[in-house]
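Work out the full structure: start from the sequences and follow the hints.
In the order they appear, the protein sequences are chains A and B. 1 is the number of the first residue of the first sequence in UniProt numbering; add one for each residue after it. 1 is the number of the first residue of the second sequence in UniProt numbering; add one for each residue after it.
Everything labelled a hint here was simulated from the structure, so no lab data went into it. Careful, some of the hints might be misleading.
Claimed, not checked - As a list, the in silico EDC-like pairs of lysine to aspartate or glutamate whose alpha-carbon atoms are at most 20 Å apart:
id: 1; chain 1: A; residue 1: Lys236; chain 2: B; residue 2: Asp240
id: 2; chain 1: B; residue 1: Lys170; chain 2: A; residue 2: Glu196
id: 3; chain 1: A; residue 1: Lys236; chain 2: B; residue 2: Asp32
id: 4; chain 1: A; residue 1: Lys236; chain 2: B; residue 2: Glu235
id: 5; chain 1: B; residue 1: Lys157; chain 2: A; residue 2: Glu67
id: 6; chain 1: B; residue 1: Lys170; chain 2: A; residue 2: Glu136
id: 7; chain 1: B; residue 1: Lys236; chain 2: A; residue 2: Glu235
id: 8; chain 1: A; residue 1: Lys162; chain 2: B; residue 2: Asp32
id: 9; chain 1: A; residue 1: Lys157; chain 2: B; residue 2: Asp92
id: 10; chain 1: B; residue 1: Lys162; chain 2: A; residue 2: Glu136
id: 11; chain 1: B; residue 1: Lys236; chain 2: A; residue 2: Asp240
id: 12; chain 1: B; residue 1: Lys190; chain 2: A; residue 2: Asp98
id: 13; chain 1: A; residue 1: Lys190; chain 2: B; residue 2: Glu235
id: 14; chain 1: A; residue 1: Lys4; chain 2: A; residue 2: Glu67
id: 15; chain 1: B; residue 1: Lys236; chain 2: A; residue 2: Glu136
id: 16; chain 1: B; residue 1: Lys157; chain 2: A; residue 2: Glu235
id: 17; chain 1: B; residue 1: Lys162; chain 2: A; residue 2: Glu58
id: 18; chain 1: B; residue 1: Lys157; chain 2: A; residue 2: Glu136
id: 19; chain 1: B; residue 1: Lys236; chain 2: A; residue 2: Glu196
id: 20; chain 1: A; residue 1: Lys236; chain 2: B; residue 2: Glu136
id: 21; chain 1: A; residue 1: Lys157; chain 2: B; residue 2: Glu136
id: 22; chain 1: B; residue 1: Lys4; chain 2: B; residue 2: Asp45
Unchecked claim - Derived CB-CB ranges, DEER-like:
id: 23; chain 1: A; residue 1: Asp199; chain 2: B; residue 2: Asp182; range: 24 to 32 Å
id: 24; chain 1: A; residue 1: Asp64; chain 2: B; residue 2: Asn120; range: 29 to 37 Å
id: 25; chain 1: A; residue 1: Asp172; chain 2: B; residue 2: Met202; range: 14 to 22 Å
id: 26; chain 1: B; residue 1: Arg216; chain 2: A; residue 2: Arg228; range: 12 to 20 Å
id: 27; chain 1: A; residue 1: Met204; chain 2: B; residue 2: Met207; range: 24 to 32 Å
id: 28; chain 1: B; residue 1: Gln205; chain 2: A; residue 2: Asp199; range: 13 to 21 Å
id: 29; chain 1: B; residue 1: Gln95; chain 2: A; residue 2: Asp98; range: 43 to 51 Å
id: 30; chain 1: B; residue 1: Asp182; chain 2: A; residue 2: Met238; range: 21 to 29 Å
id: 31; chain 1: B; residue 1: Lys236; chain 2: A; residue 2: Asn201; range: 14 to 22 Å
id: 32; chain 1: A; residue 1: Gly229; chain 2: B; residue 2: Ser54; range: 56 to 64 Å
id: 33; chain 1: B; residue 1: Lys190; chain 2: A; residue 2: Val135; range: 48 to 56 Å
To be verified - Covered by chain A, per the in silico footprint, the following chain B stretches (three or more residues, Cβ under 8 Å):
id: 34; stretch: 23 to 34
id: 35; stretch: 46 to 53
id: 36; stretch: 124 to 135
id: 37; stretch: 151 to 159
id: 38; stretch: 190 to 203
id: 39; stretch: 208 to 219
This one's a predicted model, so the numbers in the text were calculated from it and none came from an experiment. Don't be surprised by glycine CBs; every beta carbon is placed ideally from N, CA and C.
As a plain string of letters, each chain reads:
There are 2 protein chains.
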Amino acid sequence: MQNKVRIVLVNTSHPGNIGGAARAMKNMGLADLYLVGPKHYPSDDAVSRAAGASDILENAVVVDTLEEALADCQLVIGTSARERNIPWPLVDPRQAADLVFDEGLVTAFVFGREDRGLTNEELQRCNYHVHIPSVETFSSLNLGAAVQVIAYELRMKSLLMKDAPVVASKWDVPAANVEQIDYLLEHLEKVLVQTEFLDPNMPMQVMTRFRRLFQRSRLDQQELGMLRGMLTSMEKQMND
Amino acid sequence: MQNKVRIVLVNTSHPGNIGGAARAMKNMGLADLYLVGPKHYPSDDAVSRAAGASDILENAVVVDTLEEALADCQLVIGTSARERNIPWPLVDPRQAADLVFDEGLVTAFVFGREDRGLTNEELQRCNYHVHIPSVETFSSLNLGAAVQVIAYELRMKSLLMKDAPVVASKWDVPAANVEQIDYLLEHLEKVLVQTEFLDPNMPMQVMTRFRRLFQRSRLDQQELGMLRGMLTSMEKQMND
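Okay, structure coming up:
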């Protein structure tokens with residue numbers, strides 16, 4: 001299980017928090033850490049707070065963009081403190097752990113900046129948002145503490161799962177990954193502009209809503225192929 | 001509830017951890033903090049890591065002995081990493097939260113030293129031991145992270161007791177109904193035949209897979225309208 005869950009930290013300011021996250025991960029049996037544009041890294045503060053989890057830090061992958069961190073993931077869950085304009089599927093940490101184990105997909109948990117979390121655009125790249133149910137008047141957790149809560153719920157679920165589920169649906173086709181969904185949305189946008197359904201000067205929230213829909217559906221590879229094929233057949237008809 | 005649960009930290013070495021514990025407490029709605037013989041306290045490090053939970057620190061009670069911290073408590077739960085010589089009632093954090101709410105007693109959670117936890121004598125003062133299920137080869141959590149896990153479970157339990165979802169996604173648009181999905185699929189099939197993506201003499205399972213996809217997605221009315229609008233715009237282009 002543990003090698004199927006990735007922790008992604010976006011633009012972390014304090015390297016001590018990266019160390020704290022690494023320690024929490026190792027305590028709970030996670031190992032796959034991606035750092036998107038960390039402010040100060042590598043750092044002695046990170047190593048010191050990791051307190052023996054320095055292997056997690058050494059193996060951490062540092063990338064420039066969130067897209068790189070997510071490309072091969074099939075399920076993306078972003079931490080969110082706030083209500084959003086467009087409602088998004090929202091779970092608590094226990095439900096998030098259930099999702100990970102029930103769906104069995106390569107999953108990323110994405111954690112935002114210490115001071116302002118994830119941007120709307122970053123949150124829209126997520127299939128789900130997870131909210132740690134803090135009190136409203138003092139809602140912002142320390143980053144390492146937030147990673148600890150998620151990693152703890154994953155660990156609890158993995159231990160509780162040793163009793164196998166009574167029924168399990170076996171999907172016949174692997175899930176699409178983030179990169180494939182991105183290509184599908186680009187293709188769809190191109191076709192929708194051509195059919196004049198989408199006005200590129202007044203895009204409104206159309207593509208965001210399509211993104212939310214296809215991410216929520218957890219498209220499999222065959223469904224993705226069908227949708228791409230449908231779009232291609234439409235282009236052919238229009239361009240004939 | 002929250003004023004019935006006390007967090008007791010014994011001989012804490014690093015004041016930053018006291019601050020981290022205070023922040024985790026306040027995030028999760030706890031307020032009652034006792035410090036038994038802290039090594040360095042008060043401390044700027046504690047205030048800095050508390051990040052706004054300085055009221056918890058200001059109201060913290062500093063005492064010399066564990067006995068003083070526990071005198072008025074009715075249930076004492078001590079954190080333990082190790083197996084003990086004499087077996088003691090042992091629970092995981094979720095079971096510990098259940099105990100607190102089921103028994104409704106004034107409860108203390110006792111956390112030991114960063115390097116060696118609680119002594120045998122201290123552990124024997126506890127009604128229960130709670131073990132956070134870390135991996136055996138890297139079992140020692142940061143003190144603030146351990147407080148976070150316990151406080152989180154207490155918070156989850158308090159929210160679950162309300163018989164309402166812990167977090168609720170508020171969808172802004174009603175879900176589509178069966179008839180609307182049926183019309184969408186009819187419309188889609190018509191367009192796909194026209195684009196020659198679908199051969200009506202060899203339909204295979206294409207429409208069944210589209211049906212499964214749209215039903216699984218739990219389409220809302222707006223998404224349905226977008227998909228219908230997309231199909232209509234494609235028909236217009238093809239028939240022009």
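Now the hints, each set against the structure:
At roughly 15 Å between alpha-carbon atoms, lysine 236 of chain A and aspartate 240 of chain B fall within 20 Å of each other, so this suggested pair holds. Restraint check for lysine 170 of chain B and glutamate 196 of chain A: the C-alpha separation of about 31 Å exceeds 20 Å, so the hint is violated. Distance restraint check for lysine 236 of chain A and aspartate 32 of chain B: the Cα-Cα separation of roughly 69 Å exceeds the 20 Å cut-off, and the hinted pair is therefore not satisfied. Distance hint between lysine 236 of chain A and glutamate 235 of chain B is fulfilled; the C-alpha atoms sit about 13 Å from each other, no more than 20 Å.
As the CA atoms of lysine 157 of chain B and glutamate 67 of chain A are separated by approximately 36 Å, the hinted pair breaks the 20 Å bound. Proposed proximity of lysine 170 of chain B and glutamate 136 of chain A is supported: the alpha carbons are some 17 Å apart, at most 20 Å. This hinted pair checks out: lysine 236 of chain B and glutamate 235 of chain A have alpha carbons roughly 13 Å apart, not beyond 20 Å. Distance check on the hinted pair: lysine 162 of chain A and aspartate 32 of chain B sit about 37 Å apart at the alpha-carbon level, beyond 20 Å; violated.
For a cut-off of 20 Å, the pair hint linking lysine 157 of chain A to aspartate 92 of chain B stands: about 13 Å separates their Cα positions. Restraint check for lysine 162 of chain B and glutamate 136 of chain A: the C-alpha separation of about 17 Å stays at or below 20 Å, so the hint holds. Proposed proximity of lysine 236 of chain B and aspartate 240 of chain A is supported: the alpha carbons are some 14 Å apart, at most 20 Å. Straight-line distance between C-alpha atoms of lysine 190 of chain B and aspartate 98 of chain A comes to about 39 Å, which puts the hinted pair past the 20 Å bound.
The straight-line distance between the Cα atoms of lysine 190 of chain A and glutamate 235 of chain B is roughly 16 Å, inside the 20 Å bound, and the hint therefore holds. Pair hint lysine 4 of chain A plus glutamate 67 of chain A holds up; C-alpha atoms about 18 Å apart against a cutoff of 20 Å. Distance restraint check for lysine 236 of chain B and glutamate 136 of chain A: the Cα-Cα separation of roughly 50 Å exceeds the 20 Å cut-off, and the hinted pair is therefore not satisfied. At most 20 Å may separate the alpha-carbon atoms for a hinted pair to count; lysine 157 of chain B and glutamate 235 of chain A exceed this at roughly 54 Å.
The suggested pairing of lysine 162 of chain B with glutamate 58 of chain A is violated, with an alpha-carbon distance near 44 Å, which exceeds 20 Å. With a C-alpha separation of about 17 Å, the suggested pairing of lysine 157 of chain B with glutamate 136 of chain A holds against the 20 Å cut-off. A C-alpha spacing of about 10 Å is found between lysine 236 of chain B and glutamate 196 of chain A, which places the hinted pair at or below 20 Å, so the restraint holds. With a C-alpha separation of about 59 Å, the suggested pair lysine 236 of chain A and glutamate 136 of chain B falls outside the 20 Å cut-off, and the hint is violated.
Distance restraint check for lysine 157 of chain A and glutamate 136 of chain B: the Cα-Cα separation of roughly 17 Å lies within the 20 Å cut-off, and the hinted pair is therefore satisfied. Pair hint lysine 4 of chain B plus aspartate 45 of chain B does not hold up; C-alpha atoms about 28 Å apart against a cutoff of 20 Å. Between aspartate 199 of chain A and aspartate 182 of chain B, the C-beta spacing of about 30 Å keeps the proposed range 24 to 32 Å intact. Between aspartate 64 of chain A and asparagine 120 of chain B the Cβ separation comes to about 51 Å, which falls outside the hinted range of 29 to 37 Å.
For aspartate 172 of chain A paired with methionine 202 of chain B, a C-beta distance near 21 Å keeps the hint of 14 to 22 Å intact. For the hinted restraint 12 to 20 Å between arginine 216 of chain B and arginine 228 of chain A, the CB-CB distance of approximately 18 Å keeps it satisfied. Between methionine 204 of chain A and methionine 207 of chain B the C-beta distance comes to about 30 Å, which sits within the given range of 24 to 32 Å. The supplied range of 13 to 21 Å is broken by glutamine 205 of chain B and aspartate 199 of chain A, whose beta-carbon atoms lie about 35 Å from each other.
For glutamine 95 of chain B and aspartate 98 of chain A, the Cβ-Cβ distance of about 19 Å falls outside the hinted range of 43 to 51 Å, so the restraint is violated. For the pair aspartate 182 of chain B and methionine 238 of chain A, the supplied restraint of 21 to 29 Å holds, since their beta-carbon distance comes to about 27 Å. For lysine 236 of chain B paired with asparagine 201 of chain A, a C-beta distance near 20 Å keeps the hint of 14 to 22 Å intact. As the Cβ distance of glycine 229 of chain A to serine 54 of chain B is approximately 60 Å, the hint placing it in 56 to 64 Å holds.
Taken as a hint, the range 48 to 56 Å holds for the pair lysine 190 of chain B and valine 135 of chain A, whose Cβ atoms sit roughly 53 Å apart. Counting residues of the stretch 23 to 34 of chain B whose beta-carbon sits less than 8 Å from any beta-carbon of chain A gives 6, enough to reach three: the coverage restraint holds. Counting residues of the stretch 46 to 53 of chain B whose CB lies closer than 8 Å to any CB of chain A gives 4, which reaches the minimum of 3, so the coverage claim holds. Remark: the stretch 124 to 135 of chain B is confirmed as covered by chain A, as 4 of its residues place a Cβ nearer than 8 Å to a Cβ of that chain, reaching the required three.
With 4 residues carrying a beta carbon less than 8 Å from a beta carbon of chain A, the stretch 151 to 159 of chain B meets the three-residue requirement, and the given coverage holds. Look at the stretch 190 to 203 of chain B against chain A: 6 of its residues bring a Cβ nearer than 8 Å to a Cβ of that chain, three or more, so the hint holds. With 7 residues bearing a CB less than 8 Å from a CB of chain A, the stretch 208 to 219 of chain B meets the requirement of three and the coverage assertion stands.
Of the hints listed earlier, those the structure fails to meet are numbers 2, 3, 5, 8, 12, 15, 16, 17, 20, 22, 24, 28, 29, in rising order.
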